[in-house]
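Engineer: The chain contents come next:
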Amino acid sequence: DIQMTQSPSSLSASVGDRVTITCRASQGIKDHLAWFQQKPGKAPKSLIYAASSLESGVPPRFSGSGYGTYFTLTISSLQPEDFATYFCQQYENYPPTFGQGTRLEMK
Amino acid sequence: VQVVESGGALVQPGGSLRLSCAISGFFFSDYYMDWVRQSPGKGLQWVARTRDKLHGYTTEYAASVKGRFTVSRDDPNNALYLQMTSLNSEDTARYFCVRSGPRGEIGTWNFDNWGQGTLVTVSS
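Line by line, the protein sequences give chains A and B. According to my numbering, the first sequence is numbered sequentially starting from 1. According to my numbering, the second sequence is numbered sequentially starting from 1001.
Bear in mind the hints are in silico, worked out from the structure with no lab data behind them.
Residues from chain B that face chain A, not an exhaustive set, calculated with beta carbons under 10 Å:
no., residue
1, GLY1043
2, TRP1046
3, TYR1061
4, ALA1062
5, PHE1096
6, GLU1105
7, THR1108
8, ASN1110
9, PHE1111
10, ASN1113
11, GLY1115
12, GLY1117
Predicted model only: the values in this text are computed from it and were never measured. Glycine included, C-beta positions come from ideal geometry on N, C-alpha and C.
Bound-form chain A, shown alone (with noise of 0.2 Å):
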């Protein structure tokens, strides 16, 4: 299975912060790589595939780059509805494979 590590496992930032989160996949999955954000108790909601296309309804504040082994998302001005967890997520070779998430928490 790929493995799949996203770094910092948390995170503290303020409103209107910058803020990138890393994921590496252990090979190569071209860009078949996914965004998700999850609140408390919801589910987990698309943001990217593709490691950089923006999923419908998604404010452009949010982006990702990327390909084959490493891949980020990055949060350009972050607003307070962006405190969560986000997940990264291969498609590339079955199983599909999360990371372990990214909990970002207001400083």
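Add chain B to chain A, keeping to what the hints say.
Structural biologist: Same frame as chain A, now just chain B:
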């Protein structure tokens, strides 16, 4: 798009359970459907997939559930199911029903809409 799971319960080790997922708001037959589970200890874990009508409704399973779980779909009634047998404590999790749609590159499908999940607890 609405995806609503049901059927989660407390079940004894070795027991069986069937989860259901009611679908609305999109043409069910055109989409792959997945089950993904989440537990505090193991994070998010993909469980099973059924492909769409065009791809023959073929299925895939995680190694940890293959032979014990069966995913099925009832397209005329817009429903997805997960039959789970020989349950053990490792299966304790919230189970999400997830739609998978085309994701850019032809032939590439991935999760795009998730239900709220249903909780399965395996304990004596």
